[in-house]
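Following the hints, put chain F in place on chain E, whose structure we already have.
Protein sequence lines, in the order shown, are assigned to chains E and F. Numbering-wise (numbering that gives the first Met the number 0), the first sequence opens with residue 0 and increments by one. Numbering-wise (numbering that gives the first Met the number 0), the second sequence opens with residue 0 and increments by one.
In case anyone wonders, no lab produced these hints; they're calculated from the structure. Check each hint, because a few of them may be wrong.
[Claimed, not checked] In silico BS3-like cross-links for lysine-lysine, where the CA-CA straight-line distance does not exceed 25 Å:
{"id": "1", "chain 1": "F", "residue 1": "Lys-15", "chain 2": "E", "residue 2": "Lys-76"}
{"id": "2", "chain 1": "F", "residue 1": "Lys-37", "chain 2": "E", "residue 2": "Lys-76"}
{"id": "3", "chain 1": "F", "residue 1": "Lys-254", "chain 2": "E", "residue 2": "Lys-76"}
{"id": "4", "chain 1": "F", "residue 1": "Lys-67", "chain 2": "E", "residue 2": "Lys-76"}
{"id": "5", "chain 1": "F", "residue 1": "Lys-152", "chain 2": "E", "residue 2": "Lys-76"}
{"id": "6", "chain 1": "E", "residue 1": "Lys-118", "chain 2": "F", "residue 2": "Lys-37"}
[Claimed, not checked] Residues from chain F shown here face chain E by an in silico Cβ test under 7 Å; the list is partial:
{"id": "7", "residue": "Thr-24"}
{"id": "8", "residue": "Ser-27"}
{"id": "9", "residue": "Glu-30"}
{"id": "10", "residue": "Ile-36"}
{"id": "11", "residue": "Val-39"}
{"id": "12", "residue": "Thr-41"}
{"id": "13", "residue": "Gly-112"}
{"id": "14", "residue": "Leu-300"}
{"id": "15", "residue": "Gly-303"}
Fair warning: this is a prediction, and the values are worked out from it, not measured in the lab. Glycine included, every Cβ here is placed at the ideal spot set by N, Cα and C.
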Amino acid sequence: MDSHALDLALTRITHQILERNRDFSKFGIVGMQTRGVYLAQRITSKINELEKVNLISGTLDVTLYRDDYRNAFKQPKVQITDIPFDINEMNLVLVDDVLYTGRTVRAALDALMDFGRPKSIQLAVLIDRGNRELPIRADYVGKKITTLRNQVVSLKVSEIDGEDSLWLMELEEGD
Amino acid sequence: MGLQIQHLLGLENVSKEDISLILDTADSFYEILQREIKVVPTLRGKTVVNLFYENSTRTRISFELAEKRLSAAALNFSASTSSVKKGESLRDTIRNIEAMKIDMVVVRHSSAGVPWFLTQCTDAVIVNAGDGLHEHPTQALLDMMTIRRKMRKLQGLKVAIIGDIFHSRVARSNAWGMTTMGMDVVLCGPPTLLPQHTESFGVPVTDNLNEALEGADVIMLLRMQLERQASGTFPSIREYRDRYGLDLEKLSLIKKDAIIMHPGPINRGIELASDVADSSRSVILEQVTCGVAIRMAVLYLLGGGENA
Numbered sequence: 000m001d002s003h004a005l006d007l008a009l010t011r012i013t014h015q016i017l018e019r020n021r022d023f024s025k026f027g028i029v030g031m032q033t034r035g036v037y038l039a040q041r042i043t044s045k046i047n048e049l050e051k052v053n054l055i056s057g058t059l060d061v062t063l064y065r066d067d068y069r070n071a072f073k074q075p076k077v078q079i080t081d082i083p084f085d086i087n088e089m090n091l092v093l094v095d096d097v098l099y100t101g102r103t104v105r106a107a108l109d110a111l112m113d114f115g116r117p118k119s120i121q122l123a124v125l126i127d128r129g130n131r132e133l134p135i136r137a138d139y140v141g142k143k144i145t146t147l148r149n150q151v152v153s154l155k156v157s158e159i160d161g162e163d164s165l166w167l168m169e170l171e172e173g174d
Numbered sequence: 000m001g002l003q004i005q006h007l008l009g010l011e012n013v014s015k016e017d018i019s020l021i022l023d024t025a026d027s028f029y030e031i032l033q034r035e036i037k038v039v040p041t042l043r044g045k046t047v048v049n050l051f052y053e054n055s056t057r058t059r060i061s062f063e064l065a066e067k068r069l070s071a072a073a074l075n076f077s078a079s080t081s082s083v084k085k086g087e088s089l090r091d092t093i094r095n096i097e098a099m100k101i102d103m104v105v106v107r108h109s110s111a112g113v114p115w116f117l118t119q120c121t122d123a124v125i126v127n128a129g130d131g132l133h134e135h136p137t138q139a140l141l142d143m144m145t146i147r148r149k150m151r152k153l154q155g156l157k158v159a160i161i162g163d164i165f166h167s168r169v170a171r172s173n174a175w176g177m178t179t180m181g182m183d184v185v186l187c188g189p190p191t192l193l194p195q196h197t198e199s200f201g202v203p204v205t206d207n208l209n210e211a212l213e214g215a216d217v218i219m220l221l222r223m224q225l226e227r228q229a230s231g232t233f234p235s236i237r238e239y240r241d242r243y244g245l246d247l248e249k250l251s252l253i254k255k256d257a258i259i260m261h262p263g264p265i266n267r268g269i270e271l272a273s274d275v276a277d278s279s280r281s282v283i284l285e286q287v288t289c290g291v292a293i294r295m296a297v298l299y300l301l302g303g304g305e306n307a
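Bound-form chain E, shown alone:
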C-alpha cells in the first residue's frame, strides 16, 4: 500500500462515515496513539473540506487501560490524551491503524467511558488483519488482510515516519 492507495482508502472511509453521520453538532473523531492520531486528522480534514465544517479530532492514549500491565516488564510510554470536546451524547468515530486482537480497542472503549457517555462509538481502521481475541469488529475498514500470528503489520505515516507505507514482516523463530 503506497501513499495514493492509503489516500483512496481514507477517502472511501470518509464517505462511508458521512453516509451514516449527518448531524455534525453531535459528532466527533478520536484518533488512537500513535498512528491512528494522524489517520484521524486526515479523515477530519477530508470531512471539513467536503462538508464545509470545522471539526477538530481528539487524541486518545490507552496505555493506562491496557490489560497486559501486570505482565509487562518494561512499561510502554504514556502519551498525551487530548479530547477537545465534550463527548457526552456525541456520536464518536474511533480511528486506529491496525485492528488485530481487539484488546487495544477494548482499552479505548474503557478510556472513553471515563470521559463521559457518548451516544454511540463507531470504529474505523485502516487495516483489519484478523486474529481477533475479543468480540470486537470495525464499522469502517480500509483493507482486510489475512495474516499469521508470527507476522507483524506496521503502518508508516508521513507525518512522523517520513513516508506513507504498509509493512508486513515475519518474526524470526524465538523472537
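This is chain F only, laid out in the frame that chain E set:
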C-alpha cells in the same frame, strides 16, 4: 522503554534519560488530574504501603492520592500508632508487612539510608519519600516538572536554592537532579546552615544572597526549620528574615520572569513574605498539583511486571 532504576532511592546517579522519562510520563498524568473522572485502572490489584516514620501532610496525601488515582490499594502506616512504639525493629516491621503480600513501599524515615536498607530485606519496590538529611527525590522531580511546564525547558536555567541547605534533603535531591538535567544550581544560606563538604554537590555554594539571586530564573526558598534554632545554628528568626527572607523589596532585584518556589510548609513572614508567596510569580500551588502527577508517574514506571 522503561526506567533503568528499579527503586527510587534518590536522584544522585539517576540518568538524564530516566529523569526525562519520569517527567514526560508525569506530563501525561497531569492531564488525567484535569478530568472529571480522575482514576485510571492501571495499578489495579497492586498494593502499596505508605510507611511513614516521620510526620508529613503534603507528601503522604500526595502519594496516597497518586496510588488511589492509579487504582492501587493504598495502606497507611504511621510510626506513632504502630508496634514501633512497642519496640519492633524496622527490619521486622517490613518483613511482617511483606508477609501480607505487598508490591511497593513508599518510605519516609528520619535516618538517611533507610530506603536502601529496605531494598536489602524485601523484594518489594521501594520509593523514597524523604530519608533523614539525605534525599527527597519525588520533591525534586516535581520541582523540575513545575519548572519545565512554566519555562518550557530545563537546560541552561539558573536556579537559586536558598535557606537551611545543611538540613535540606530537598536541596540535595535538587542539586543532583538539576545538575544532571543541565541546569545551573547555586545553593545559598547563612554559613552555619551550609554543609561542610560541598564539593560532592558539584555546584557553587554562597552565603551572599544578592549573588545567588543575580540572573536566577528560578528562586526556591526552603522552609526554615524553626525547631533547629535551639541548636544555635542561627541567632534569631528576625535576623534570618532580614538577611535571607524573600520580600517585595528583594523581589525587585530578580529577573522579571523568574518564578518563586517553596516545597512547603511555608513559614509566612520568615523565609517568604506573605505577599510574595501569593503573588503571580509564585508557583507553589502548581508544585503541589505536579506532585501528584510525578508520584503517579513514578509508581506507574516502577510498579509493573510480575516480578514487582
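Comparing the hints with the structure gives:
1. For the given pair, F/Lys-15 sits about 16 Å from E/Lys-76 by alpha-carbon distance, which is consistent with the 25 Å threshold.
2. Our distance criterion of 25 Å between C-alpha atoms is met by F/Lys-37 and E/Lys-76, whose separation comes to about 19 Å.
3. At most 25 Å may separate the alpha-carbon atoms for a hinted pair to count; F/Lys-254 and E/Lys-76 exceed this at roughly 36 Å.
4. For a cut-off of 25 Å, the pair hint linking F/Lys-67 to E/Lys-76 stands: about 21 Å separates their Cα positions.
5. Taken as a hint, the F/Lys-152 and E/Lys-76 pair is honoured in the structure, with Cα atoms around 20 Å apart against an allowance of 25 Å.
6. The suggested pairing of E/Lys-118 with F/Lys-37 holds, with an alpha-carbon distance near 22 Å, which does not exceed 25 Å.
7. Hint status for F/Thr-24: holds, given a least beta-carbon distance of 5 Å to chain E, under 7 Å.
8. A distance limit of 7 Å between C-beta atoms decides the matter here; for F/Ser-27 the minimum to chain E is near 4 Å, and the interface restraint holds.
9. For F/Glu-30, the interface hint holds, the least distance from its beta-carbon to any beta-carbon of chain E being 6 Å, beneath 7 Å.
10. With 7 Å as the threshold, the beta carbon of F/Ile-36 comes within range of chain E, its nearest partner Cβ sitting at about 4 Å, so the hint holds.
11. The criterion of a C-beta within 7 Å of any C-beta in chain E is met by F/Val-39, whose closest approach is roughly 4 Å, and the hint holds.
12. About 4 Å separates the beta-carbon of F/Thr-41 from the nearest beta-carbon of chain E, less than 7 Å, and the hint is met.
13. Given the 7 Å rule on beta carbons, the hint for F/Gly-112 is violated: about 28 Å separates it from the nearest Cβ of chain E.
14. For F/Leu-300, the shortest C-beta to C-beta distance to chain E is roughly 5 Å, which falls under 7 Å, so the interface hint holds.
15. Taken as an interface hint, F/Gly-303 checks out: its beta carbon lies about 5 Å from the nearest beta carbon of chain E, inside 7 Å.
Hints 3, 13 from the list above are not met by this structure, while the remaining hints are.
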